[in-house]
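Visitor: Throw the hints in and build the complete structure from the sequences for me.
Taking our numbering, the leading residue of the sequence shown gets 1, the next gets one more, and so forth.
Hints listed in this document are in silico derivations from the structure and should not be mistaken for laboratory results. Errors might be hidden in some of the hints.
[Claimed, not checked] Quick list of in silico lysine-lysine cross-link-like pairs, DSS-like style, CA-CA up to 30 angstroms:
no.	residue 1	residue 2
1	6	97
2	104	6
3	51	133
4	39	66
5	66	6
6	66	27
7	51	66
8	130	27
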Amino acid sequence: MTPEHKRWQPLFLFSLGLFAGTAFCMKWMEGDLWQNGQKFTIIGLEVSYSKERVAAILSGLDGHVKTILRYHLSFDFAFMAGVYPGIAALCMIARDKLQRRSIKKILFALAALQTVAWGCDIAENCYLLKWIKHPVIGDEFNTYHLVVAVKWIIAVAGALLAIPLAIRRRRSV
Numbered sequence: 001m002t003p004e005h006k007r008w009q010p011l012f013l014f015s016l017g018l019f020a021g022t023a024f025c026m027k028w029m030e031g032d033l034w035q036n037g038q039k040f041t042i043i044g045l046e047v048s049y050s051k052e053r054v055a056a057i058l059s060g061l062d063g064h065v066k067t068i069l070r071y072h073l074s075f076d077f078a079f080m081a082g083v084y085p086g087i088a089a090l091c092m093i094a095r096d097k098l099q100r101r102s103i104k105k106i107l108f109a110l111a112a113l114q115t116v117a118w119g120c121d122i123a124e125n126c127y128l129l130k131w132i133k134h135p136v137i138g139d140e141f142n143t144y145h146l147v148v149a150v151k152w153i154i155a156v157a158g159a160l161l162a163i164p165l166a167i168r169r170r171r172s173v
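Guide: Written out as structure tokens, the structure is:
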């Protein structure tokens with residue numbers, strides 16, 4: 001009989017492959033993300049650019065860059081199908097290696113919350129796709145930033161807690 005944590009390995013490995021493949025494709029496209037001679041980044045659109053800067057970038061895109069950005073966001077949907085189930089599987093692998101109930105409950109909650117992070121990422125992409133089409137950004141920009149923050153907090157918390165615990169040998173932690 002195989003250890004409990006092994007049941008999550010196929011999902012984790014599939015997710016890792018999907019994550020790596022789509023991340024490579026998106027990274028390749030980032031070289032084409034230019035507007036008026038200045039490079040912009042997806043992470044900038046997500047986190048650091050102001051509402052005015054996002055609107056200026058999206059309203060100033062030429063047809064080629066708009067197409068690349070749409071492709072990037074399309075690949076991001078596939079990326080999501082790798083990253084969030086992968087983090088959830090990693091949380092469950094770590095959970096199955098532990099004895100302490102409190103940490104097991106936290107890992108289970110973080111695994112389940114990856115569905116929320118995934119939903120937030122989908123909403124984020126929908127906002128960006130809408131703004132690419134019509135770059136008038138209204139009051140929803142604050143909601144957009146909240147959705148992005150929730151996504152990042154849940155995903156990073158799950159990964160940072162699960163990774164060190166998943167690579168450890170089974171212990172009574």
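Visitor: Indicate, hint by hint, whether the structure satisfies it.
Guide: Here is what the structure says about each hint:
1. Under the criterion of a C-alpha separation no larger than 30 angstroms, the hint pairing residue 6 with residue 97 is consistent with the structure, at around 10 angstroms.
2. About 16 angstroms separates the Cα atoms of residue 104 and residue 6, which keeps this hinted pair within 30 angstroms; it holds.
3. In summary, the hint linking residue 51 to residue 133 is supported, as the alpha carbons are separated by about 16 angstroms, within the 30 angstroms threshold.
4. Among the hinted pairs, residue 39 with residue 66 is consistent with the structure: their alpha-carbon atoms are about 14 angstroms apart, no more than 30 angstroms.
5. A distance of roughly 43 angstroms separates the Cα atoms of residue 66 and residue 6; the hinted pair therefore is violated under the 30 angstroms criterion.
6. A hinted pair counts as satisfied when its Cα atoms are at most 30 angstroms apart, and residue 66 with residue 27 qualifies at roughly 16 angstroms.
7. The hinted pair formed by residue 51 and residue 66 meets the criterion: a straight-line CA distance of about 18 angstroms does not exceed 30 angstroms.
8. Our distance criterion of 30 angstroms between C-alpha atoms is met by residue 130 and residue 27, whose separation comes to about 22 angstroms.
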